[in-house]
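S.K.: I would like the entire structure built from these sequences, with the hints used as guidance.
Heads up: the sequence shown runs through residues 14 to 239, numbered per the working numbering.
Simulated from the structure, these hints should not be mistaken for laboratory data.
Wrong hints could be hidden among the right ones.
Claimed, not checked - In the DSSO-like style, the derived pairs of lysine-lysine whose C-alpha atoms are separated by at most 27 angstroms in a straight line are: (1) Lys122 to Lys54; (2) Lys154 to Lys122; (3) Lys154 to Lys119.
All of these numbers come straight from a predicted model, not from anything done at the bench.
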Amino acid sequence: MTLIVSNIRTLGGVMETTRPLIVAHRGFSGRFDDNSPEAFKAAFELPIHGVECDVRLTRDGELVIAHDPVVSSDGLMPFSDLLDMFANYPDHHLYVEIKHNRFSTKVHKRTLQELRRHDLDESDRIHIISFSRRVVRYFRKRAPLLDTYFLLRPRTWWLPAAPVGLGPSIIRLNAKPALIGRLGVRTYTWTVNTPRQMLWCAEHGVDILATDLPDLALETLASPRE
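M.R.: So, in structure tokens, the structure goes:
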């Protein structure tokens with residue numbers, strides 16, 4: 014199981030909703046190539062809470078959107094281009110997962126540089142996610158107003174100070190519903206791709222769900238819970 018722990022400051026008041034907030038996992042990845050411009054644009058056009066992306070530094074020194082390790086930036090979307098696109102959607106949030114490979118000593122610094130260049134280093138719409146404690150500590154020190162998520166591996170249970178978000182996978186959450194609201198924190202679960210899973214999240218009080226199919230989530234969760 015992989016967990017996400019967060020020190021979220023605010024989600025713009027929307028946390029009071031009776032339905033889970035919807036985050037498009039790697040953009041609208043169920044309909045388009047994941048982490049692609051088309052996937053992100055399609056996701057931003059939907060009336061959902063936010064969009065998640067993966068950020069890596071290539072061997073040729075470019076900060077790009079990619080889930081897997083890459084050698085070259087050829088054919089990949091620059092992170093700066095995504096931030097330019099994000100500026101056109103002021104009602105949405107962006108969840109940035111910083112991939113920690115051997116370039117991780119540079120990737121978090123480059124990410125913050127881009128956020129500062131776009132005047133987003135103090136935005137409550139930007140959320141930083143990483144498996145690396147170094148990355149989390151760096152953003153807490155250099156950009157304390159940004160929300161930071163610490164990803165926990167299966168055998169790790171080290172929580173940052175005052176976490177307010179915990180994120181088991183939907184498979185783990187189904188097997189152990191007691192994780193919902195554990196430690197008095199919010200629940201973020203991934204990757205939720207069937208109506209049954211989405212309704213289960215709503216019925217059990219999950220706060221945020223990440224999905225490859227945000228349109229299906231909107232349709233499934235259209236009616237408030239009773």
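S.K.: None of the hints should be skipped; say for each whether it holds.
M.R.: Evaluation of the provided hints:
1. At roughly 26 angstroms between alpha-carbon atoms, Lys122 and Lys54 fall within 27 angstroms of each other, so this suggested pair holds.
2. With a CA separation close to 12 angstroms, the supplied pair Lys154 and Lys122 stays within the 27 angstroms bound.
3. Of the pairs offered as hints, the one joining Lys154 and Lys119 holds, with about 16 angstroms between alpha carbons and a cut-off of 27 angstroms not exceeded.
In summary, this structure violates none of the numbered hints.
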